[in-house]
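Undergrad: Residues in the sequence shown are numbered from 1 upward in steps of one, following the working numbering.
Worth flagging that the hints you see were computed from the coordinates, not collected in a lab. For glycine and all other residues, C-beta sits at the position ideal for the given N, C-alpha and C. Incorrect hints may have been included.
[As the list claims (entries may be wrong)] Within a straight-line C-alpha distance of at most 25 Å, the following computed BS3-like cross-link-like pairs (lysine-lysine) qualify: (1) 145 with 186; (2) 97 with 64; (3) 152 with 186.
[Said to hold, decoys possible] Beta-carbon label-pair distances, calculated as ranges: (4) 306 with 250: 20 to 30 Å; (5) 281 with 177: 16 to 26 Å; (6) 206 with 102: 43 to 53 Å; (7) 28 with 169: 46 to 56 Å; (8) 121 with 152: 31 to 41 Å; (9) 128 with 226: 16 to 26 Å; (10) 226 with 121: 36 to 46 Å; (11) 206 with 226: 35 to 45 Å; (12) 26 with 107: 41 to 51 Å.
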Amino acid sequence: MIGIEAIGSYVPSGGRTEGDLMESFSVDESFLRDKTGFLHARRKDENDETSDLCVAAINDLVAKTGLDLAEIECLVVCTQNPDGHGIPHTSAIVHGKMSLPVSCATFDVSLGCSGFVMGLSVVKSFMESNGMTRGLFVTADPYSKILNEEDKNTALLFGDAATATLLSDTPQWSLGRFVFGSDGSKGRAITTNDQRELTMNGRGVFVFSAQVVPQMIKDLLGEQSLDVQDVDYYLLHQGSRYIVETIGSSLGVSSEKAPFMAAETGNTVSSSIPLMLCDERFASAERLLLAGFGVGLSWAGCLLSRAR
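Just need the whole structure built from these sequences, with the hints factored in.
TA: Structure, rendered in structure tokens:
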């Protein structure tokens, strides 16, 4: 069975700092620490493309694992902000930059905050149905491409990053039950305007997250006859500290079991959950629950179990 073997990552060093955010938007330190939770909103270098972030994350994965890229049979990139205008697909550009085998399948998936969890299911299914044993699933969604840096509703929140997940038949984490959902009738709560700048109804997104995500998690646990306390950690999409803490409180779990970990990056969209998975605090965990939610509006959950 295909599961997660290892994850590489890339977080740009530059971006908007706590002091810059406070000054630009006339907010105090407590607002940043307690509401958004983001003290640093990362930004890619101006000349970097989405594919460059992907390459950096893959290179980190190779450095960590010694991965032989000649063995990679598929490359899938999750992004809503591709290179150029999306033609060719960003995964094809990354394929060329990394000199991957010509037998390697490449395609993109256009998903946002639920993208890592949904994408895991897509890539796992694709690999298993085609007899593949080693594939890369890369997340890179630099929202800095579409941010209005003067918009308090968005510029305070979003950061750039990328991750590269090695999916293989020798996993560290087994992928269990997935659940999914969508409510396209509310999709314009997060969208782009005619100037292709990101706009967001923050209140609407919060209400959606607070209502839908806890129920999704309870349904997923119920299907597996598990109790809330049977999960070691809940890795929730890092939309904001307030959203993460509200969901954790609704589930009746502590901030240690449902941690907010994105203070130094910002909301990195589809990269937020895999960035968390890179943290050593989960090295001894036996069961994790992943929950992605946002753009669409869409949501996805998955159980991870330590592979034996």
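Undergrad: Against each hint, give a clear statement of whether it holds in the structure.
TA: Outcome of the hint check:
1. With a CA separation close to 23 Å, the supplied pair residue 145 and residue 186 stays within the 25 Å bound.
2. A C-alpha spacing of about 19 Å is found between residue 97 and residue 64, which places the hinted pair at or below 25 Å, so the restraint holds.
3. Our distance criterion of 25 Å between C-alpha atoms is met by residue 152 and residue 186, whose separation comes to about 21 Å.
4. Separated by about 26 Å at the C-beta atoms, residue 306 and residue 250 satisfy the suggested range of 20 to 30 Å.
5. Roughly 24 Å separates the CB atoms of residue 281 and residue 177, a value that falls within the hinted 16 to 26 Å.
6. In this structure the supplied range 43 to 53 Å holds for residue 206 paired with residue 102, their Cβ-Cβ distance being about 46 Å.
7. At about 51 Å, the beta-carbon gap between residue 28 and residue 169 stays in the expected band of 46 to 56 Å.
8. Look at residue 121 against residue 152: about 35 Å separates their beta carbons, and that is inside 31 to 41 Å.
9. The beta-carbon spacing between residue 128 and residue 226, approximately 24 Å, falls within the hinted interval of 16 to 26 Å.
10. A hinted range of 36 to 46 Å is violated for the C-beta pair residue 226 and residue 121, which are about 19 Å apart.
11. The hinted window of 35 to 45 Å between residue 206 and residue 226 is violated, with their beta carbons roughly 27 Å apart.
12. As the Cβ distance of residue 26 to residue 107 is approximately 44 Å, the hint placing it in 41 to 51 Å holds.
Checked against the numbered hints given earlier, this structure breaks hints 10 and 11; the rest are met.
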